[in-house]
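Starting from the known structure of chain A, fit chain B onto it as the hints suggest.
Top line first, the protein sequences correspond to chains A and B.
Quick note on numbering: the working numbering labels position 175 of the first sequence as 175, and the sequence is numbered without any gaps.
Quick note on numbering: the working numbering labels position 298 of the second sequence as 518, and the sequence is numbered without any gaps.
There may be inaccurate statements among the hints.
Cross-link-like lysine to any residue pairs, in silico, SDA-like; alpha carbons within 25 Å at most [said to hold, decoys possible]:
(1) K374/B x P125/A
(2) K284/B x G208/A
(3) K222/B x M124/A
(4) K254/B x T166/A
(5) K477/B x L427/B
(6) K374/B x G208/A
(7) K296/B x T273/B
(8) K255/B x E160/A
(9) K367/B x P79/A
(10) K284/B x L155/A
(11) K255/B x R116/A
(12) K165/A x I291/B
(13) K284/B x R118/A
(14) K367/B x L127/A
(15) K254/B x R149/A
(16) K255/B x G159/A
(17) K371/B x G159/A
(18) K284/B x G162/A
(19) K255/B x I291/B
(20) K165/A x K255/B
(21) K374/B x P120/A
(22) K371/B x T80/A
(23) K255/B x P120/A
(24) K284/B x A122/A
(25) K255/B x V167/A
(26) K254/B x G159/A
(27) K374/B x I182/A
(28) K165/A x N100/A
(29) K254/B x A130/A
(30) K477/B x A499/B
(31) K284/B x P120/A
(32) K255/B x P125/A
Hints were generated in silico from the structure; no laboratory data involved.
Computed from a prediction, not measured in an experiment: that's the story for all the values here.
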Amino acid sequence: MKPTVVAAKGASFCLSTPAHRDAIVRSASFNNPSREVGKEIYMSIALSAEDISRALTRISHEILERNHGSANIVLLGIPTRGAHLAARIAEIMSKIEATNIPCGTLDITLHRDDLRLRPPRAIMPTLIPATGIEDKDVILVDDVLFSGRTIRSALDALGEVGRPKTVQLAVLVDRGHRELPIKADFVGKNLPSSLEQSIRVSLTEIDGRDEVVIENRVQP
Amino acid sequence: MKHLLSIANLSAQEAIGILDTATELARINDGQIKKLPTLRGRTVVNLFAEDSTRTRISFEAAAKRLSADVINFSAKGSSISKGESLKDTAMTLQAMGADAVVIRHSASGAAQRLADNQWMSGAVINAGDGTHEHPSQALLDAFTIRKHLGKGSKDLQGLHVAIVGDILHSRVARSNILLLSLLGAKVTLVAPPTLLPIDIEKWPCTLSYDLDEVLPYVDAVMMLRVQQERMTELFFPNAREYSRYYGLNSQRMKSLKQSAIIMHPGPMNRGLEISAQVADSARSVITEQVSNGVSVRMAILYVLLAGAPLEVGSI
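Isolated chain A (complex conformation):
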C-alpha cells in the first residue's frame, strides 16, 4: 500500500505549526511495522521536537518551583521512554540548579495487574540512585498517562524500594480516560483523545526522532 498525504480538516487536537497540521497516511505503524501491516492509519503530529523540548524545560522549572529547589529531589523514570524523559529532565534541572540531580529508573512489570492477560513481558532494569528514596521527594516520570494503571503499579513497586516523603508524577502527555483515581502533577500536554485513537511517543534515544503522534483508525 502506497503512503499518500491527505489534508486533515481542522483536527482539534492538532495544535502545532501549519506544516504539522497535515495528516499523514502510512501503511504501517512506524514503531511496530508488523502490527498494522495492510491497514491505513491516519496520523497527525501533536508535539514536534521543539514542543517536546519546551515542555520538558517548563516541567523542570515547575518541579523546582513546587519543591522549593532541588535539594530533596530524586527522579525515577518508568522504562523505556519514561526513563529517557527522566534523564532529560534531570539534565535540564541539573543545569538550572548547577548541581547533580539523582535520576534512576523503576520497572513496574512485576507489579502489573494485567500480567495474566498478555504474553510474558521482559523485565526492564530498576536502577535506584545511590542516595536512595527514603524520605526523598520522588518524581515519577512517564511518557503517556492513560488508564493510570501503570502509575498504580509504580506506587506498589516504590513501596518495595523504600518510603519516600512525597511521590509526584510528571508526564509528557495526558490523554485522559483514567480508570483509577490518579492525577499528574506536571503535564507536558493535555491531549483529549478518543479510545479509537492511539498516541505514539517517539524519542531520539530509541526511535531516532522526537515526536508525539496521534494515530486514527479512520480518516479524521
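Just chain B, lined up with the frame of chain A:
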C-alpha cells in the same frame, strides 16, 4: 515456551531472555523486601521423587518470593512409596489445580512424559531426570559465569569452560554442555575414559584425559560430584587414585588463570573431586551458585507462569 524440559529445546535468544530476567530479579533479591506479588494465586508443586536439598529449597524460595503457593511433595511419605504411578500422581495434581509442577525423578525422561501426556494442563519444569538433563542448574551456572566473566556481554562468546569428573552419570554436565556451547563458550570435558558416555565425540565439546594439561587455559572449571549411588560397577580403582588424577586441590588451583572461577553443582564430596581448601577458597563461587539459583528459578517461573496461558498446541 510452555515447559522447561531440556536445554535442547531452548534457543539462544530464549536462554539469554531467562538470564536477563534473572539479572533484574537478582537486584530484588539483594533488596530489603524480597517479595513480589507477580504469581499471586498460582500454585507450584514440587514433586521430588528423588532426594534433593538445593534444587528443592531453591525452587521453593523462588516460588514464594513471587507469591505463588507452594506444595512440597516427596516420594518418601507420599503414595509414590506405596507404588502409585506417575500418571495417577499427575492426575491428582491436576485435580488440585497445580499451575506448574517442578519434577525431580530418577528416571530419564520423566518430565518429558509428564509434559507429553494430557494428564495435567500445567507447566512442567524438569528439576533433574535420571542421567538426562538438569536445565535449571545449567542456566544458573551460565548466569554465574556470565556475571563473573561476561564483561557485560549477553552471551559467553570467547570463554572456555572445563567440566571435570563423572560425566557419565551427570545430568548437570549434559545440560551444561548444550547451554554453554549454545551461548558461544568452548567446553572441554576432562574425565577418565570409564566415566565418559559412548558417543561423546558427537557432543559439541572437546575432550581430554589430563586435568593438568587443561587447567591453565580455562576461564571456569566445573567440578562434578562422583555419583556413587548410580555406580553399579567399578569405574576407577579407588578414591585416592581418582582424587590424585582428577581432583582439584590447592596445588592444581595455582595453575589456573588469575581470573578463573571454580564451580561445583553440589553436593560436594570434599576430599574426592574437590579438596576442602579449594571449596572454601576465594575463587570458589559454589555458595554464590546457590544464591544465583533462586534468581534464575524465579526467572524460569516468571517466564512460564506470569503471562497469559498459551493456546493449546503452541510451545
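| query | Honestly, which of those hints from before does the structure not fit? | reply | Failing hints, ascending: 2, 12, 17, 27.
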